[in-house]
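Trainee: Residue numbers (this note's numbering), protein chains in the order written: chain A, 1 to 342; chain B, 1001 to 1148.
Everything labelled a hint here was simulated from the structure, so no lab data went into it. Since the model is a prediction, treat every value here as computed from it, not as a measurement. Do not rely on the hints blindly, as some may be mistaken.
Label-pair distances were calculated between CB atoms; the ranges are [unchecked claim]:
1) A/S6 x B/A1050: 26 to 36 Å
2) A/P17 x B/T1020: 20 to 30 Å
3) A/E90 x B/K1019: 20 to 30 Å
4) B/A1050 x A/I52: 52 to 62 Å
5) B/L1008 x A/D5: 38 to 48 Å
6) A/E10 x B/P1005: 22 to 32 Å
7) A/D5 x B/T1020: 49 to 59 Å
Computed far set for chain A versus chain B, every beta-carbon distance over 12 Å [what the hints assert, rightly or not]:
8) G32
9) E85
10) N117
11) D148
12) P203
13) I317
14) I318
15) D331
16) R332
Note that beta-carbon positions come from the ideal geometry of N, C-alpha and C, so glycine has one too.
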Amino acid sequence: MSSLDSRLAEYIAHRLPGADDVRVEGLDRIFGGASRETYRFVLCYRENGAAIRRPLILRRDPPGSLIETERAVEFGAYRAFHGTEVPVPEALWLEEEAHWLDYPFFIMEQLTGLESNPQQIIAPPYAQHAEKFARQKWTILGVISKADPQVLGLDRVMPAVAAQDCWRRELDYWESQVDEDELCPQPVIRAAIRWLRRNPPPPPAEVRVVHADYRTGNFLYDEDGRIHGILDWELAHLGDPLEDLAWSLNPLWRWAGDERAGGLVPNDQAIRYWEQSSGMRADPAALHWWAIFSCVKGQAIWLSGAKEFSDGENQDIILGLTGWLMGNSQDRAVLDHLGYLS
Amino acid sequence: MRPDPDRLLEVAAIHLMTKTGPAVDSAYEQSSLMVLALMLSGLREEHERAAARRIEENRALREIFAEAQAVVEDDELGGRLVRAAGGDDRDFAISALERTNCELRGLLIELHAYVEELTSPESRELESLIWRELVASTERRKLAMGVF
Chain A
1 MSSLDSRLAE YIAHRLPGAD DVRVEGLDRI FGGASRETYR FVLCYRENGA AIRRPLILRR
61 DPPGSLIETE RAVEFGAYRA FHGTEVPVPE ALWLEEEAHW LDYPFFIMEQ LTGLESNPQQ
121 IIAPPYAQHA EKFARQKWTI LGVISKADPQ VLGLDRVMPA VAAQDCWRRE LDYWESQVDE
181 DELCPQPVIR AAIRWLRRNP PPPPAEVRVV HADYRTGNFL YDEDGRIHGI LDWELAHLGD
241 PLEDLAWSLN PLWRWAGDER AGGLVPNDQA IRYWEQSSGM RADPAALHWW AIFSCVKGQA
301 IWLSGAKEFS DGENQDIILG LTGWLMGNSQ DRAVLDHLGY LS
Chain B
1001 MRPDPDRLLE VAAIHLMTKT GPAVDSAYEQ SSLMVLALML SGLREEHERA AARRIEENRA
1061 LREIFAEAQA VVEDDELGGR LVRAAGGDDR DFAISALERT NCELRGLLIE LHAYVEELTS
1121 PESRELESLI WRELVASTER RKLAMGVF
């Protein structure tokens, strides 16, 4: 048993005082998840004479990552949406003390037998369900967009923001990330930031929960075309629902290599599903602003990963690839949105 | 240098994908090796053009700075543009070319922001020139495996 196995078992035994013979089996790191280290494992223990086996997920903070995120917010989002129309795994324990596993972490239910890889969803046997996936994907996003943060209790873990300040808060934050992490000046992204400041969007009708990384690749799906779990809530915050819609349409997620959003359906169809579900209208000018913003945010994320990798803080090979490969594509997406690619 | 670095990278990538990757037990390490192989394939492209694209871009940026002198009225910025426009790449090591490229791209940002505030037809023309160069800069950096 590796050190991490035994320490994890020790922690869970501490959280389950009525359990005996607590063991962790099959601990295995999952590739991706560049903001947190993600491991799958099976928790085994005895309780009231019964042997229990439960597949779980460990999400542990790494020494460095693509983005600095609040684990309490992510944990809170899973808790808030569990049991609602938004399918998410059950969040079990949040641990902010580093002494158990060297870094803070949380543990949640593992939804087994499902796929999340964006390259798989565009290939057989999944590709035949593209429209079915899309309808669910943007319908679920619409449900998130119309959910009341106060009813969910998320206003207690996510900082408040006034409707008219949504765009500025996000842009200020992600521009500061570019300032901190760029290894070489970024003329395209700086031009985009100036454009965004000159052309602010109208405020949203309501401030809502924004998942903030809602895309193909961040949900679990099966071979019958059903979506079972929305993952990776680490960037979730209160804000303008159009931020999520625009991010989901970012050209970098066109995994099929054609015009289809998220490798699934054309943009207008995705927008229609979202509008039907959320009951909101996606104002084209406002969505255009958020689309350009999504490129700035994307670039900030790639730059952060590239810096972490270059500085040696995090040698996860995925950071090296994304920084290198995605950055130029993100610049091209900006140029396209601004009408300079033709 | 024989065999060519291009050939060495190709063989290394194929070896990782077809031999080393499948022989590793951990799914995480297997995926990491696949990504590494992908990076080596990208490096083949980058290795071939690394110096050429930087020299070409540095030259293009200096030409823009030379053109800008007729439009820029700010003495301080104008002075830096004159100095940058008069520069030349003499050290062809990638690190040296990259260092110069970053300096020139930084100056391009300042020039672009300055020109956006002007209203003359000449400034609009210069702005169009800058945008065309920004598009060209992404063309130079495109990778075959790039998503957009």
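Trainee: Could you see if the CB distance from B/A1050 to A/I52 stays within 52 to 62 Å?
Mentor: For A/I52 against B/A1050, whose Cβ atoms are near 57 Å apart, the range 52 to 62 Å holds.
Trainee: Take a quick look at A/D331 and tell me if its Cβ sits farther than 12 Å from every Cβ on chain B, holds or violated.
Mentor: violated, 5 Å
Trainee: Within 20 to 30 Å or not, the Cβ separation of A/E90 and B/K1019?
Mentor: violated, 41 Å
Trainee: Holds or violated: 49 to 59 Å for the Cβ distance of A/D5 and B/T1020?
Mentor: violated, 26 Å
Trainee: Taking the Cβ atom of A/E10 and the Cβ atom of B/P1005, is their distance within the range 22 to 32 Å?
Mentor: violated, 49 Å
Trainee: So is A/P203 really clear of chain B, every C-beta pair being over 12 Å apart?
Mentor: holds, 25 Å
Trainee: Non-interface claim for A/I317: all C-beta distances to chain B beyond 12 Å?
Mentor: violated, 5 Å
Trainee: Confirm or reject: A/G32 is not an interface residue toward chain B, with every Cβ-Cβ distance exceeding 12 Å.
Mentor: Per Cβ check, A/G32 is inside 12 Å of chain B; nearest 8 Å; violated.
Trainee: Hey, does A/R332 actually stay past 12 Å from chain B on C-beta?
Mentor: violated, 5 Å
Trainee: In terms of Cβ atoms, is chain B entirely out of 12 Å range of A/D148?
Mentor: holds, 36 Å
Trainee: May I ask you to check that A/I318 keeps its beta-carbon over 12 Å from the closest beta-carbon of chain B?
Mentor: violated, 6 Å
Trainee: A/E85 clear of chain B by more than 12 Å, beta carbon to beta carbon?
Mentor: Its Cβ never comes within 12 Å of chain B, the nearest being 31 Å, so this holds.
Figure legend: structure checked against the earlier numbered hints; hints not met, in rising order: 1, 2, 3, 6, 7, 8, 10, 13, 14, 15, 16.
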